[in-house]
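**Student:** As they're listed, the protein sequences go chains A and B. Residues 3 to 298 in this note's numbering are what the first sequence spells out, letter by letter. Residues 1451 to 1719 in this note's numbering are what the second sequence spells out, letter by letter.
Among the hints, erroneous ones may be present.
Once the Cα atoms are required to be at most 25 Å apart in a straight line, the calculated DMTMM-like pairs of lysine to aspartate or glutamate come out as [claimed, not checked]:
id : chain 1 : residue 1 : chain 2 : residue 2
1  : B       : 1620      : B       : 1594
2  : A       : 15        : B       : 1683
3  : B       : 1536      : A       : 10
4  : B       : 1536      : A       : 294
5  : A       : 15        : B       : 1593
6  : B       : 1620      : A       : 10
7  : B       : 1534      : A       : 10
8  : A       : 104       : B       : 1593
9  : A       : 135       : B       : 1683
10 : A       : 197       : B       : 1546
11 : B       : 1534      : A       : 294
12 : A       : 15        : B       : 1616
13 : A       : 295       : B       : 1593
14 : B       : 1534      : A       : 172
15 : A       : 295       : B       : 1616
16 : A       : 104       : B       : 1594
17 : A       : 15        : B       : 1539
18 : A       : 295       : B       : 1546
19 : A       : 102       : B       : 1546
20 : A       : 295       : B       : 1683
21 : A       : 295       : B       : 1539
Calculated directly from the structure, the hints in this document are not laboratory data.
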Amino acid sequence: MNGRRLVDNIGGKLMLVLTVLSGVLLLLMAWGLVAKSSAILSLKPLDTLLFSGNWNPLRGEFGFFPFIAGTIWVVGVATVIAVPVSLLTAIYLSEYAGRKIKGIVNPFIDLLAGIPSVVYGVWGVLMIVPFVKNYIAPLYGTFSSGYCVLTAGIVLAVMIFPVIINVSVEVLNMVPREVREASLSLGATKWQTVKKVVLRRAMPGVIAANVLGIARAFGETMAVLMVAGNVAMIPKSLMDPAYPLPALIANNYGEMLSIPLYDSALFFAALLLFAVVFFFNLVSRAVLVRIEKGIR
Amino acid sequence: MLLSTAIVMFSLLLILGTIVVKGLPALSLDMITKAPESGYYLGGGGGILNAIVGSLLLAAGASVVSMIFGIPVALYLNIYLTRKSKLAEVIRVALDVMCGVPSIVYGAFGFAIMLYLGVRASLLGGIIAVSLLIMPVMIRAIDEVVRLVPHELIEASYSVGANRFETVFKVVVRQTLPGIISAVLLGFGRGIGDAASVLFTTGFTDRISFSLLEPVATLPLAIFFQLGTPLPEVQQRAYASAFILTVIILVLSLSARFLVSRYGRHMVK
């Protein structure tokens, strides 16, 4: 056995260990979060934690419902805005746009994906908050500080555009050209082909792309923290402030070690986020992998 | 459809425009050359050099750590494992899921690790959390590049007697270097811009610190704290800081693009 083979052997084994470790990390994270939140899980029943609206850490009351409701509101608004816009953009980019236009639009989308969430937050504070406060709220005859569900939803929607667009374009591009040509040769118009053939064929993948985007919206922290208003109540309208889970974690890290069970409660919040995002991602990735395999 | 595409592009322009219009006038030389002086958050003199230095140190440290762990993984997935490997498939899905895990969860997990190790909020803690955050992104980006290496090239390497390890590090790495660098820059950019994961783990300080075990300031948090003050002059500085951060991100992103197009032509097609 010479030196070269030894290096190959050891190097290979080492790389295998690293590779397996990188996968195990995910399990390790789940385990770490469960271990950290076990203190509160063993003291309070799960349904109280999830569905009680009493949030008073000083008195030992941890009802996450206002935060869960806030998260769902904000993500819901973002979804309603982002899905149609991103989907149409993706269809345009994959079916209609020429090489030149793609060359212009794609860098825009990449840049949009690269902008840090804190910058989105600053943008939200500078532009969307006053916009909602001065124009949208009076339009409905209500008053709003601008720091509300709608604002957070708009900012989040822009943040998840790139995720949905990129994955959708990939999925649409995987639809074989023959399928399109067959439809066109039967006399279908371009739009009919897109709607009834391409989209139908790509539907599972497109749904997966949207789910990925929504999962991203669930966990976004800084931008939401800066514009959602952060009042621990269940929002009743678009103009009410919300206090989503990630903002809760981010805002209270300072106190969490001084109040009993508080740290465990915050880790439980992180675990909730992790669980939702994990589930969403796993399902949509499984769908995407299956599609990719079907093509090859 | 054109309208939607226009909305997407317009929103980017709107964001950049807002940051430039609000940030540029507030920018001064002091901002980028001085650490905060006493009473900075009440409108006193100084700048955010502490945060710029801290963020660069943090992102560089985390990039190096994730490179050391990430590059071998990406290479292993493609060269040592075959296309049909179940292990590779499982790892790829796990990594994709990890790319989707929110950064605040990485922050919380990093914090748990730090409690376990007995490390307090410091540059080291931040590097741990941010490396975990950017590693999956980096691995998947490199993975995509390595996947495109022509199989003939690898076989040519084997046929002249190189073993897999030599093929990986002397042929594949050289072939994909621009892609690897741009993946590292992608990770660096992600690391420098992320706030939620460093919130618990790096702490914050007004001094310029280079020690691994001391807290350091980071740009996103500096923006966040300055924006949180009630004083308009300090908020102005938050806009200027956001401008600085955005410029750094844009430069990184453009240089990654440039590298790929400039050095991509030396690759064997």
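**Student:** For the pair supplied as a hint, residue 1536(B) and residue 10(A), confirm whether the alpha-carbon distance does not exceed 25 Å.
**Tutor:** Distance ~22 Å between residue 1536(B) and residue 10(A) Cα, so the pair holds.
**Student:** Verify the proposed pairing of residue 1534(B) with residue 172(A), using a straight-line Cα cut of 25 Å.
**Tutor:** Given pair residue 1534(B), residue 172(A) holds - Cα atoms ~21 Å apart, limit 25 Å.
**Student:** Could you grab the alpha-carbon distance between residue 104(A) and residue 1594(B) and see if it respects the 25 Å cut-off?
**Tutor:** 20 Å, holds
**Student:** Within a Cα-Cα threshold of 25 Å, do residue 1620(B) and residue 1594(B) meet the stated pairing?
**Tutor:** It holds: about 19 Å lies between the C-alpha atoms, which stays within 25 Å.
**Student:** Check whether the Cα positions of residue 295(A) and residue 1683(B) lie no farther apart than 25 Å.
**Tutor:** Measuring from Cα to Cα gives roughly 56 Å; hence the hint is violated.
**Student:** Tell me if the straight-line CA distance from residue 1620(B) to residue 10(A) falls inside 25 Å.
**Tutor:** With Cα atoms ~13 Å apart, residue 1620(B) and residue 10(A) stay inside 25 Å; holds.
**Student:** Given the proposed pairing of residue 135(A) with residue 1683(B), does the C-alpha separation stay at or below 25 Å?
**Tutor:** Within the cut-off at roughly 22 Å; holds.
**Student:** Compare the distance between the alpha carbons of residue 1536(B) and residue 294(A) with 25 Å, and conclude whether the hinted pair is satisfied.
**Tutor:** 15 Å, holds
**Student:** Sort out whether residue 1593(B) lies within 25 Å of residue 104(A), counting only the CA atoms.
**Tutor:** 24 Å, holds
**Student:** Keeping to a limit of 25 Å between CA atoms, is the pair of residue 295(A) and residue 1616(B) held or broken?
**Tutor:** 30 Å, violated
**Student:** Check the hint pairing residue 295(A) with residue 1593(B) against an upper bound of 25 Å on the C-alpha distance.
**Tutor:** 17 Å, holds
**Student:** Hey, residue 295(A) versus residue 1539(B), does the alpha-carbon distance stay inside 25 Å?
**Tutor:** 11 Å, holds
The structure fails hints 2, 10, 15, 19 and 20 (numbered hints given earlier, in ascending order).
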